[in-house]
Amino acid sequence: MPLEPDTLTPLLIDFPFEWNYIRSIIYVSLYVSLTAVVLSTLFSLPVALLVGFKDFRGKTLLTSIINTGMGFPSVVVGLVVLFAVSNQGPLGSFDLVFTTEAMIMSQFILAAPVITGVSLAAVSSVEQNVRDAAYAMGGTKTDVALVTIKEARYGIATAVLAGFGRAISEVGSVLIVGGNIASSDGTSVTRTITTAIQLEARQGRFETAMILGAILVVLVLIVNAIVVRLGNGGGGGRYE
Amino acid sequence: MEIQRRGLVAAIGSSAAVGLAGCAALAGDTGDNENSPEISGETLTLTTTTSTYDTGLLDELNAPFEDRYGVTVDTVAQGTGAALETARNGDSDVVMVHARSLEDEFMDEGYGVNRRDLMFNDFVLVGPPDDPGGISGETDIETALTEISEAESEFVSRGDNSGTHTKELELWDTAGLTVEAFGEWYIDGGGGMGEILNQASMQDAYTLSDRGTFIDMQSEINLDIHVQGPVEGGPEPLMNPYGIVAVNPAVHDHVEYDLAMAYIGYITSIEGQEIIEEYTSEGEQLFFAEALSEEPNFQQYVPEGWESSNSDE
Numbered sequence: 001m002p003l004e005p006d007t008l009t010p011l012l013i014d015f016p017f018e019w020n021y022i023r024s025i026i027y028v029s030l031y032v033s034l035t036a037v038v039l040s041t042l043f044s045l046p047v048a049l050l051v052g053f054k055d056f057r058g059k060t061l062l063t064s065i066i067n068t069g070m071g072f073p074s075v076v077v078g079l080v081v082l083f084a085v086s087n088q089g090p091l092g093s094f095d096l097v098f099t100t101e102a103m104i105m106s107q108f109i110l111a112a113p114v115i116t117g118v119s120l121a122a123v124s125s126v127e128q129n130v131r132d133a134a135y136a137m138g139g140t141k142t143d144v145a146l147v148t149i150k151e152a153r154y155g156i157a158t159a160v161l162a163g164f165g166r167a168i169s170e171v172g173s174v175l176i177v178g179g180n181i182a183s184s185d186g187t188s189v190t191r192t193i194t195t196a197i198q199l200e201a202r203q204g205r206f207e208t209a210m211i212l213g214a215i216l217v218v219l220v221l222i223v224n225a226i227v228v229r230l231g232n233g234g235g236g237g238r239y240e
Numbered sequence: 001m002e003i004q005r006r007g008l009v010a011a012i013g014s015s016a017a018v019g020l021a022g023c024a025a026l027a028g029d030t031g032d033n034e035n036s037p038e039i040s041g042e043t044l045t046l047t048t049t050t051s052t053y054d055t056g057l058l059d060e061l062n063a064p065f066e067d068r069y070g071v072t073v074d075t076v077a078q079g080t081g082a083a084l085e086t087a088r089n090g091d092s093d094v095v096m097v098h099a100r101s102l103e104d105e106f107m108d109e110g111y112g113v114n115r116r117d118l119m120f121n122d123f124v125l126v127g128p129p130d131d132p133g134g135i136s137g138e139t140d141i142e143t144a145l146t147e148i149s150e151a152e153s154e155f156v157s158r159g160d161n162s163g164t165h166t167k168e169l170e171l172w173d174t175a176g177l178t179v180e181a182f183g184e185w186y187i188d189g190g191g192g193m194g195e196i197l198n199q200a201s202m203q204d205a206y207t208l209s210d211r212g213t214f215i216d217m218q219s220e221i222n223l224d225i226h227v228q229g230p231v232e233g234g235p236e237p238l239m240n241p242y243g244i245v246a247v248n249p250a251v252h253d254h255v256e257y258d259l260a261m262a263y264i265g266y267i268t269s270i271e272g273q274e275i276i277e278e279y280t281s282e283g284e285q286l287f288f289a290e291a292l293s294e295e296p297n298f299q300q301y302v303p304e305g306w307e308s309s310n311s312d313e
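Here the protein sequences line up with chains A and B, keeping their order.
Using UniProt numbering, the letters of the first sequence map in sequence onto residues 1 to 240.
Using UniProt numbering, the letters of the second sequence map in sequence onto residues 1 to 313.
Here chain A stands alone, though its shape is the one from the complex (with noise of 0.2 angstroms):
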């Protein structure tokens, strides 16, 4: 290593956590996200059906209040989400403030409106004669809804998957309700990818900091990967 170990460093940079500790961040961050995101995928996407589907007084303003959702600022879903489950709030007696599930209270409500409001604009664009040929088809309600999901399947996986990248790459609202805890022997508790980023950002070690955001970028990535294959997979040739 005589040769000017200083413009090496840079490459091969000693990694600056223990193992346990990355590999814990990376599980609340998944666990919180993942169970967010499907639970609002659970919510949301019925709720995109029947809207899209209905024809109603109200509709363009209840998308427009969908739409509006979408932007809420995480910050402030952490705060409100906070007053509900602080001890002095209304759900104060089920202890849920500074816990994961908390993280995943607050997540979801970041979550569900770009899922509605994503997977609702895919619903509607599916063509009305498509519809039409499966209710003449004899088709049921649920079989009209089924080809209609099918129909729209890469934008409902567009709203899953913006949903998911809203929910994991969100700070404010995890950082006020999760409390950023970690076990004094470095597992997490409440910590994820970017409230360690974070307090690594707080504390000046903006190397270790990059690290873990290229960390959370690779794991967007995987997932992304994955929801786009199991959509090729499952739904056979697009345009079949």
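Honestly, I wouldn't trust all of these hints.
[What the hints assert, rightly or not] Take a look, some chain A residues computed to stay more than 12 angstroms from chain B by CB distance: (1) Ser64; (2) Gly155; (3) Gly186.
[As the list claims (entries may be wrong)] Label pairs and their calculated CB-CB ranges: (4) B:Asp204 to A:Asn67: 41 to 49 angstroms; (5) B:Asp67 to A:Leu34: 29 to 37 angstroms; (6) B:Gly70 to A:Glu18: 18 to 26 angstroms.
If you're looking for bench data, these hints aren't it; they were derived computationally from the structure.
Glycine is no exception: its CB is placed at the ideal position from the N, C-alpha and C atoms.
Assemble the complex: chain A is given as a structure, and chain B must be docked to it using the hints.
Just chain B now, kept in the frame of chain A:
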């Protein structure tokens, strides 16, 4: 106005305490643990300041406590103001902070009991190495601050109601200067100590920092100490004492009071105080133990100046 607000807070607090009384028996069941028959509760929630957390001291302190009682300590690092507010809502069991005036208010309102002096270090006035305000070596903090304001050298304030922010405002005040009247050179940073040190370093500005965080970060930033605190012979107003307070179980009856008192007992014991004394970062001692003393120190249990006048603040 203030009185009314307190009255309201007290009313809400007590009615909530009554309302929660019925739930306590249910919630308490989960606290029994065969591994630790001596103590109830499994998880202690400690809210504290970024300065104790970011230096790594708490990991060192908490591990032996967790081993001994088979419990976990959830440490939430906030500013002093936020840490006390979390405790006011009954969301933490014990608070470790460094702003005596805010701690006193917390106890005055009935939220805190059994306060102990814990440890101290000091504040230092740091700034760019070329010292544009010309304050280096100044032994009087008020003079140094006056010089900075006259030179209109940039100064980054925490601006977050933390212990350090409270101290900074006190210092400007004793120097006879009004923060509200400052020009653009006075920057409201709005962040934790580490963030503010980074910000000051990038902007070539002065700031007030606790010595612990500064030592811990000095290799990452380009700032020097221009006015030392009392640890290195500087002026007494830069003293930075830390206290620890349990949340009053009569106000929030679900708090882990047993565990909180065990924690306070441990941290003010010879063992805990030795860990504090021996903790170093980059070869320097960060905190000085203060809990052990042969002489009685009654003032640590009550709001400052309690004996002489207990009417207001």
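Take the C-beta atom of Asp204 of chain B and the C-beta atom of Asn67 of chain A, compute their distance, and say whether it sits inside 41 to 49 angstroms.
holds, 44 angstroms
Outcome for the supplied range 29 to 37 angstroms, where the beta carbon pair is Asp67 of chain B and Leu34 of chain A:
holds, 33 angstroms
Taking the minimum C-beta separation from Ser64 of chain A to chain B, is that value above 12 angstroms?
holds, 33 angstroms
Non-interface claim for Gly155 of chain A: all C-beta distances to chain B beyond 12 angstroms?
Answer for Gly155 of chain A: holds, closest chain B Cβ roughly 40 angstroms.
Evaluate the condition: distance from the CB of Gly186 of chain A to the nearest CB of chain B exceeds 12 angstroms.
violated, 8 angstroms
Please check whether Gly70 of chain B and Glu18 of chain A have a Cβ separation lying inside 18 to 26 angstroms.
holds, 23 angstroms
Consistency with the previously given hints fails for number 3 only.
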